[in-house]
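Here are the chains, one letter per residue:
There are 2 protein chains.
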Amino acid sequence: MEIAIISIGNEVLKGHTSNSNYTFLARQSTLMGNHVKRGYIVSDDPGEISWAIGEAMSHASLIITTGGLGPTYDDMTLESIAKALNLSLVKNDAALEMLRKRMIPRKIPLTPERMKMAELPEGSEPIFNPVGSAPGVLIRHSGRQILCLPGVPQEMEAIFNSVKERYQNPDLHYYEESLEFPGTMEGEMAPLIKEEMKKFGDRLYIKSHPLSGSASGYSVMLEISSYNKDAKEAERLVREELELFRKRFGKNIQ
Amino acid sequence: MEIAIISIGNEVLKGHTSNSNYTFLARQSTLMGNHVKRGYIVSDDPGEISWAIGEAMSHASLIITTGGLGPTYDDMTLESIAKALNLSLVKNDAALEMLRKRMIPRKIPLTPERMKMAELPEGSEPIFNPVGSAPGVLIRHSGRQILCLPGVPQEMEAIFNSVKERYQNPDLHYYEESLEFPGTMEGEMAPLIKEEMKKFGDRLYIKSHPLSGSASGYSVMLEISSYNKDAKEAERLVREELELFRKRFGKNIQ
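So the protein sequences, as listed, match chains A and B. Mind the numbering: the first sequence is residues 13 to 266 in the numbering used here, read in order. Mind the numbering: the second sequence is residues 13 to 266 in the numbering used here, read in order.
Chain A extracted, bound-state conformation:
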């Protein structure tokens, strides 16, 4: 499954808040055998949100958004998506029930601002938020799915975890290992990486990350990963490759 992730919110866009939601979702999606194709960071602006949705729908079958589902004036994700897809916003009874379930025992009044969290694009599936108010929202449109999650990390993770089984790729498994090579420079490994990547094509991915710029303490983190229909085969290939690099460059590994 090709996935696009859209981070919505001025606090992330302006660097006031780190984009940990992106990292979580991209990692989970990858580990479930999917390909994360692109990430977008946009403001709480209907035009910007619509642009990102349209762009993402041109190449991804699952689009995950975070942010903009709350009760305030600048929570505009659902409204903007509805507009982009030419859908009406309608009161969703299941979503309203979810809000009541959270708010009534806590004596939180269901004001017009809060009712907004139950106004969903027509045909949406609300997903219960076990740790906050705003439900997650799944929109199916033109053969794509748009999964809208809140921006508060605990809420985003709880909702995502409650539906993530749906997005496990049954036909493609991902395996990955990393190993640090102290005293090795990235450039030394470059020719072997190139050779091995060429040999295995799509099945193998090798990436080196220099860990330090200091000349005396340089070190490379090598990340080797594989997608395969056969989970064991992915693991075997990664381990075999890691062994090859360890033999060649691992003289300083403890």
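Everything labelled a hint here was simulated from the structure, so no lab data went into it. The reader is advised that the hints may include incorrect statements.
For identical chains, the list gives no copy identity; a pair is met inside one copy or between any two copies.
Claimed, not checked - With a straight-line Cα cutoff of 25 Å, these simulated DSS-like cross-link-like pairs (lysine-lysine) come out:
1) LYS210 - LYS95
2) LYS210 - LYS176
3) LYS206 - LYS95
4) LYS259 - LYS119
5) LYS206 - LYS241
6) LYS259 - LYS103
7) LYS210 - LYS241
8) LYS176 - LYS241
9) LYS103 - LYS211
10) LYS259 - LYS210
11) LYS113 - LYS103
12) LYS119 - LYS103
13) LYS211 - LYS113
14) LYS119 - LYS263
15) LYS241 - LYS95
16) LYS176 - LYS244
17) LYS113 - LYS244
18) LYS211 - LYS244
19) LYS206 - LYS113
20) LYS103 - LYS206
21) LYS244 - LYS119
22) LYS244 - LYS259
Let chain A serve as the given structure and place chain B on it in line with the hints.
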């Protein structure tokens, strides 16, 4: 100045590494009176990099990229940008001198892989990397600037800090304060936020972030910011607004 930030690299795209570079650059750009318009996260793929560059050039006057400047086969940022802008890659003598300056005292051989770091799009300005090998690269094209920085955070920050004065907006100052309101729910603040934002238009930005989903411990972080030609005026407005919210909702502030 309208700014776009492009994060290049599979490790960030797949969520293996957090995108702290984005947060740093977006924050710095904002504090210098600029508007960060969009962020993009793309893979180490020439087509993807070219797409992001073309997209960003359609709306930003400064485009900052991170990642893909190193010596390995998948460091393809400069090559991809050159292609997107129809420029040749040429050996840049100043960049080569920077590489020599880093490598000769450290007895690091200048292999063909490492020489690649001095092949820049024609007309580029290399920027010395004081903590690593790959120089930063500034490309001027069609009235826009593209500032290419390495992906290693220490290197990225050091290079950015050495040139950031150029991007200080002399005509627009940014001021921001945040305050936590314990025991307040986002929905309670929503009407006043809406009212104040409407009153001041472009000059004032107010954003509420719920800090916890737990009903007993809920709390809101309020962020108030202002851009103004007059730095003192921006500060005055933000403080006045914060005081208004504190009077109305600050009963639990210690």
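The hints, checked one at a time:
In the homo-oligomer, the alpha carbons of LYS210 and LYS95 lie at most 25 Å apart only across protomers (23 Å), although the nearest pairing inside one protomer, at 45 Å, exceeds that limit. Taking the shortest Cα distances, LYS210 and LYS176 never come within 25 Å of each other, neither inside one copy (33 Å) nor across copies (40 Å). In this homomeric assembly, LYS206 and LYS95 come within 25 Å of each other (Cα to Cα) only across copies, at 21 Å, whereas the closest approach inside a single copy is 46 Å. For the identical chains of this complex, LYS259 and LYS119 are inter-copy neighbours only, at 24 Å across copies versus 64 Å inside a copy, given an alpha-carbon limit of 25 Å.
In this assembly of identical chains, the alpha carbons of LYS206 and LYS241 lie at most 25 Å apart only when taken from the same copy (24 Å versus 52 Å across copies). In this assembly of identical chains, LYS259 and LYS103 lie within 25 Å of each other by CA distance neither inside one copy nor across copies; the values are 62 Å within and 35 Å between. Taking the shortest alpha-carbon separations for LYS210 and LYS241, only the intra-copy value of 20 Å comes in at or below 25 Å, while the best inter-copy value is 55 Å. Proximity of LYS176 and LYS241 under a CA criterion of 25 Å is satisfied intra-copy only: 20 Å inside one chain copy versus 48 Å between copies.
In this homomeric assembly, LYS103 and LYS211 never come within 25 Å of each other (Cα to Cα): the closest approach is 55 Å inside a single copy and 30 Å across copies. In this assembly of identical chains, the alpha carbons of LYS259 and LYS210 lie at most 25 Å apart only when taken from the same copy (20 Å versus 65 Å across copies). In this assembly of identical chains, the alpha carbons of LYS113 and LYS103 lie at most 25 Å apart only when taken from the same copy (16 Å versus 66 Å across copies). Only within a single protomer do LYS119 and LYS103 lie at most 25 Å apart by alpha-carbon distance; the minimum there is 22 Å, versus 69 Å between protomers.
For the homomeric pair LYS211 and LYS113, neither the shortest alpha-carbon distance inside one copy (56 Å) nor that between copies (36 Å) is at most 25 Å. Taking the shortest Cα distances, LYS119 and LYS263 sit within 25 Å of each other only across copies (19 Å), while inside one copy they are farther apart (64 Å). Taking identical chains as interchangeable, the C-alpha atoms of LYS241 and LYS95 are never at most 25 Å apart, the minima being 39 Å within one chain and 35 Å between chains. Proximity of LYS176 to LYS244 under the C-alpha cut-off of 25 Å is restricted to the intra-copy arrangement: shortest distance 22 Å within a copy versus 49 Å between copies.
Taking identical chains as interchangeable, the C-alpha atoms of LYS113 and LYS244 are never at most 25 Å apart, the minima being 44 Å within one chain and 47 Å between chains. With identical chains, the CA atoms of LYS211 and LYS244 are at most 25 Å apart within one copy only, with a shortest distance of 19 Å there and 62 Å across copies. Proximity of LYS206 and LYS113 under a CA criterion of 25 Å is satisfied in neither setting, with 56 Å inside one chain copy and 27 Å between copies. In this homomeric assembly, LYS103 and LYS206 come within 25 Å of each other (Cα to Cα) only across copies, at 22 Å, whereas the closest approach inside a single copy is 55 Å.
With identical chains, the CA atoms of LYS244 and LYS119 are never at most 25 Å apart, being 52 Å at best within one copy and 43 Å at best between copies. With identical chains, the CA atoms of LYS244 and LYS259 are at most 25 Å apart within one copy only, with a shortest distance of 22 Å there and 62 Å across copies.
Comparing the model with each earlier hint shows violations of hints 2, 6, 9, 13, 15, 17, 19 and 21; every other hint is respected.
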